[in-house]
Amino acid sequence: GEDVEQSLFLSVREGDSSVINCTYTDSSSTYLYWYKQEPGAGLQLLTYIFSNMDMKQDQRLTVLLNKKDKHLSLRIADTQTGDSAIYFCAERRDSSASKIIFGSGTRLSIRP
Amino acid sequence: NAGVTQTPKFRVLKTGQSMTLLCAQDMNHEYMYWYRQDPGMGLRLIHYSVGEGTTAKGEVPDGYNVSRLKKQNFLLGLESAAPSQTSVYFCASIPSGTGSAGELFFGEGSRLTVL
Chain A
1 GEDVEQSLFL SVREGDSSVI NCTYTDSSST YLYWYKQEPG AGLQLLTYIF
51 SNMDMKQDQR LTVLLNKKDK HLSLRIADTQ TGDSAIYFCA ERRDSSASKI
101 IFGSGTRLSI RP
Chain B
1001 NAGVTQTPKF RVLKTGQSMT LLCAQDMNHE YMYWYRQDPG MGLRLIHYSV
1051 GEGTTAKGEV PDGYNVSRLK KQNFLLGLES AAPSQTSVYF CASIPSGTGS
1101 AGELFFGEGS RLTVL
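Just so you know, the sequences run in chain order A and B. Residue numbering for the first sequence follows my numbering, beginning at 1 and increasing consecutively. Residue numbering for the second sequence follows my numbering, beginning at 1001 and increasing consecutively.
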């Protein structure tokens, strides 16, 4: 996407925490999202955070937002084999009539 | 509850042929989007629309045209297909307005191969 950046791969041991990072570009973005894509499937919304929040927790998922650095992270606690997927961050740029721009995705693999 | 429906799901074209992908949503959403997904490149925005009769260019609009004649439909056209347009295409929609988190509702994707 237009400068929404993620690392391409992450490998973690089953039971450990996974942290997937993302940097975005538009300081006026109102919402930031994390989507999950399993092999051969479409995209599933995991969670989102509004730009006036620093943190959002939802069961095993924790989203941290650093607006100053335009940095977003997704932490998955107690990572399971079912978490293997590609994770995309996305920003909603309301300065551009709600363009929603995705990062290139981080492929999470789980080691036994 | 159909949600977002894309047709066709699969298509093989020869270089130079034309085709249209149809996206239909039954949720009365204002905003609609066309993305393409290629390995290692995530989803890239092709064109989008913020309402009936309006369209705008995204990140990779070249070689594609779109139309939004009816609110529920967003068409993506390839006038002269090229092998570089081999991809999986996703349509998505969101409601507009304040108070909406803007969760994208995705179609199931259309796999296009250009030989």
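Please keep in mind that the hints were generated in silico from the structure rather than gathered at the bench. Since this is a predicted model, take the numbers as computed values, not measurements. Any given hint could turn out to be false.
[To be verified] So the derived label-pair ranges between C-beta atoms look like this:
#1 A:Lys68 x B:Ser1096: 39 to 47 Å
#2 B:Asp1062 x A:Asp58: 18 to 26 Å
#3 A:Arg111 x B:Pro1095: 36 to 44 Å
#4 A:Ser27 x B:Met1019: 36 to 44 Å
#5 A:Ala41 x B:Met1019: 38 to 46 Å
#6 A:Asp54 x B:Val1050: 23 to 31 Å
[As the list claims (entries may be wrong)] Below, in silico cross-link-like pairs of lysine-lysine (BS3-like), each with a Cα-Cα straight-line distance of 30 Å or less:
#7 B:Lys1009 x B:Lys1071
#8 B:Lys1009 x A:Lys67
#9 A:Lys68 x B:Lys1014
All C-beta atoms in this analysis are idealised placements derived from N, C-alpha and C, irrespective of residue type, glycine included.
Against the structure, the hints:
{"no.": "1", "hint": "A:Lys68 x B:Ser1096: 39 to 47 Å", "verdict": "29 Å, violated"}
{"no.": "2", "hint": "B:Asp1062 x A:Asp58: 18 to 26 Å", "verdict": "39 Å, violated"}
{"no.": "3", "hint": "A:Arg111 x B:Pro1095: 36 to 44 Å", "verdict": "41 Å, holds"}
{"no.": "4", "hint": "A:Ser27 x B:Met1019: 36 to 44 Å", "verdict": "39 Å, holds"}
{"no.": "5", "hint": "A:Ala41 x B:Met1019: 38 to 46 Å", "verdict": "24 Å, violated"}
{"no.": "6", "hint": "A:Asp54 x B:Val1050: 23 to 31 Å", "verdict": "30 Å, holds"}
{"no.": "7", "hint": "B:Lys1009 x B:Lys1071", "verdict": "22 Å, holds"}
{"no.": "8", "hint": "B:Lys1009 x A:Lys67", "verdict": "39 Å, violated"}
{"no.": "9", "hint": "A:Lys68 x B:Lys1014", "verdict": "48 Å, violated"}
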